[in-house]
Every structure is written in C-alpha cells, then in structure tokens.
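Q: Just so you know, the protein sequences line up as chains A and V, in that order. In terms of the working numbering, the first sequence has 53 at position 53, counting the first letter as 1, and numbering is strictly consecutive. In terms of the working numbering, the second sequence has 12 at position 12, counting the first letter as 1, and numbering is strictly consecutive.
Just so you know, the hints here were simulated from the structure itself, not pulled from any lab data. Heads up, a few of these hints could be off.
[Said to hold, decoys possible] Listed next, with one range per pair, are the computed distances between beta-carbon atoms:
id: 1; chain 1: A; residue 1: 3; chain 2: V; residue 2: 84; range: 46 to 56 Å
id: 2; chain 1: V; residue 1: 70; chain 2: A; residue 2: 14; range: 49 to 59 Å
id: 3; chain 1: V; residue 1: 9; chain 2: A; residue 2: 69; range: 12 to 22 Å
id: 4; chain 1: A; residue 1: 53; chain 2: V; residue 2: 55; range: 33 to 43 Å
id: 5; chain 1: V; residue 1: 70; chain 2: A; residue 2: 80; range: 45 to 55 Å
id: 6; chain 1: A; residue 1: 80; chain 2: V; residue 2: 80; range: 46 to 56 Å
id: 7; chain 1: A; residue 1: 112; chain 2: V; residue 2: 106; range: 24 to 34 Å
id: 8; chain 1: A; residue 1: 52; chain 2: V; residue 2: 113; range: 31 to 41 Å
id: 9; chain 1: V; residue 1: 28; chain 2: A; residue 2: 30; range: 24 to 34 Å
id: 10; chain 1: A; residue 1: 78; chain 2: V; residue 2: 54; range: 39 to 49 Å
id: 11; chain 1: V; residue 1: 29; chain 2: A; residue 2: 51; range: 37 to 47 Å
id: 12; chain 1: A; residue 1: 74; chain 2: V; residue 2: 30; range: 29 to 39 Å
[What the hints assert, rightly or not] Output of the computed footprint for chain A on chain V, the stretches with three or more beta carbons under 8 Å from beta carbons of chain A:
id: 13; region: 23 to 30
id: 14; region: 103 to 113
Ideal Cβ positions, reconstructed from N, Cα and C, are used throughout, including at glycine.
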Amino acid sequence: EPEVTQTPSHQVTQMGQEVILRCVPISNHLYFYWYRQILGQKVEFLVSFYNNEISEKSEIFDDQFSVERPDGSNFTLKIRSTKLEDSAMYFCASSPAVDTQYFGPGTRLTVL
Amino acid sequence: AQSVTQLGSHVSVSEGALVLLRCNYSSSVPPYLFWYVQYPNQGLQLLLKYTTGATLVKGINGFEAEFKKSETSFHLTKPSAHMSDAAEYFCAVTRSRYGQNFVFGPGTRLSVLP
C-alpha cells in the first residue's frame, strides 16, 4: 500500500539555522499539507499546497516558513531561521481529489 | 470557523471493557469527520471517517463511530478494549470540500488496564 514518507526522522539544529524537511507524498495525490505537533499538544495545520501554490495557510506559517515542490515527487518545508519554539513533530500529509488525508510518520525537529 | 472538542484528555478502561471516546464539533457547513490514532513515537493513522451516507461508520481494529448531526457529535466506540488499543486518539473535522485543512481536537489518551 502506498504511503507518505518523510526524511529525516529526527533533525537537530542550532537556533538561527535553516532546516529543510522533506516529504514524498503518495504519487497520484494532488493536495499536500504540513502540520506540526508540539510535544504534548494537538496537531496544528500549517499550510496546504495545490497546483504548485499555497492554497491555505495558518497564522503559524509566517515569513520564516516556505514550501516547495521542487520536482514531481518531493514536497519540502523550509524554516529559514529556526527558533526554540519551532521544536516539534512535523507531519506531511497528502490527499487525492477527495477527502481523506494520509499522514507521514513525521520528522522530529529539535532546536537547541 | 470550525472547531473540535474532545471530552477527557485521558481515558482509562479495563481490558475487555467498552471504549467510548467523545468528540463534538462545530462547523458552519456540512462536515467531514475523522478519527486518527497515534501510537507512541509514530505518525497519525486513519481509523475511520464520515463523509456522506450512513451515519454509523466502521473502521479498523474494531472501532466504529456514529455521526449525530443533532448533537454535533462523532463519538468513537469499541465494544471490547485490547491492550494494543492504548494510544492517543484525535478527532478531526474538515469542510466538505477536498483540499481543505483539517482541524484537530486536542486528543484523548487511552490507557487499557489489565
């Protein structure tokens, strides 16, 4: 069964550094998403992406964040200058032109 | 705006007992409703969903949920808990259009006691 994959599984970085989190959505899906989950808290929506552009974003997704689909398979989330409060689990999800979103296993980002 | 509440951040049941995890939502449009399960240090796995049609939906691992529009609820149940059901459970809602972001509830941690 096809699934969403994410790399790396764990990323440790210094405050102020740039990080890129990578996701490979399910191949025939059209909609892509990033969510984050701060430890012990609920899953929060960051951004959705369709037809090579952002379709919706939350207030969390400020100028420090960007997304890109550099080729036909990868979907990336970049944080330009990480802050301590960016430490969280980041989930990528994808969906076909229907309702269900399929989530990847997540990348744990630790900002020191 | 949509929102989801889950009554009880932590629920404990004995093995073999009924599991009931509560979810209430608010939505200005017909909702699509989902339950996801998260095992420790893992991602989110879809348990079941309601989109249209039958209001009682069955999912994996013996779970089911019933959409009750009049009560704006989508409670998750399982007749007999198993130790392997111990996990965090999230209810989520989205508008009834594809490509819309999910709004998640705060989650309920289910513990199963031997």
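Q: Each of the hints needs a verdict: does it hold here or not?
A: Here is how each hint holds up against the structure:
Taking the beta carbon of each, residue 3 of chain A and residue 84 of chain V are about 20 Å apart, not inside 46 to 56 Å as hinted. The hinted range of 49 to 59 Å is satisfied by residue 70 of chain V and residue 14 of chain A, whose Cβ atoms lie roughly 53 Å apart. Against the hinted window of 12 to 22 Å, the Cβ-Cβ separation of residue 9 of chain V and residue 69 of chain A comes to about 36 Å, which falls outside the hint. Separated by about 36 Å at the C-beta atoms, residue 53 of chain A and residue 55 of chain V satisfy the suggested range of 33 to 43 Å.
Between residue 70 of chain V and residue 80 of chain A the CB atoms are about 48 Å apart, so this pair conforms to the stated range of 45 to 55 Å. For the hinted restraint 46 to 56 Å between residue 80 of chain A and residue 80 of chain V, the CB-CB distance of approximately 50 Å keeps it satisfied. For the pair residue 112 of chain A and residue 106 of chain V, the supplied restraint of 24 to 34 Å holds, since their beta-carbon distance comes to about 28 Å. Evaluation of the 31 to 41 Å hint for residue 52 of chain A and residue 113 of chain V yields a failure: the beta carbon distance comes to about 50 Å.
Taken as a hint, the range 24 to 34 Å holds for the pair residue 28 of chain V and residue 30 of chain A, whose Cβ atoms sit roughly 25 Å apart. Hint check: residue 78 of chain A to residue 54 of chain V, Cβ distance near 42 Å, so the stated range 39 to 49 Å holds. As the Cβ distance of residue 29 of chain V to residue 51 of chain A is approximately 23 Å, the hint placing it in 37 to 47 Å is violated. Look at residue 74 of chain A against residue 30 of chain V: about 34 Å separates their beta carbons, and that is inside 29 to 39 Å.
Only residues whose beta carbon comes within less than 8 Å of a beta carbon in chain A count, and the region 23 to 30 of chain V has 0; fewer than three means the coverage is violated. Given as covered by chain A, the region 103 to 113 of chain V passes the check, having 5 residues with a CB less than 8 Å from a CB of that chain where 3 are the minimum.
Taken one by one, the earlier hints fail for this structure at numbers 1, 3, 8, 11 and 13, listed in ascending order.
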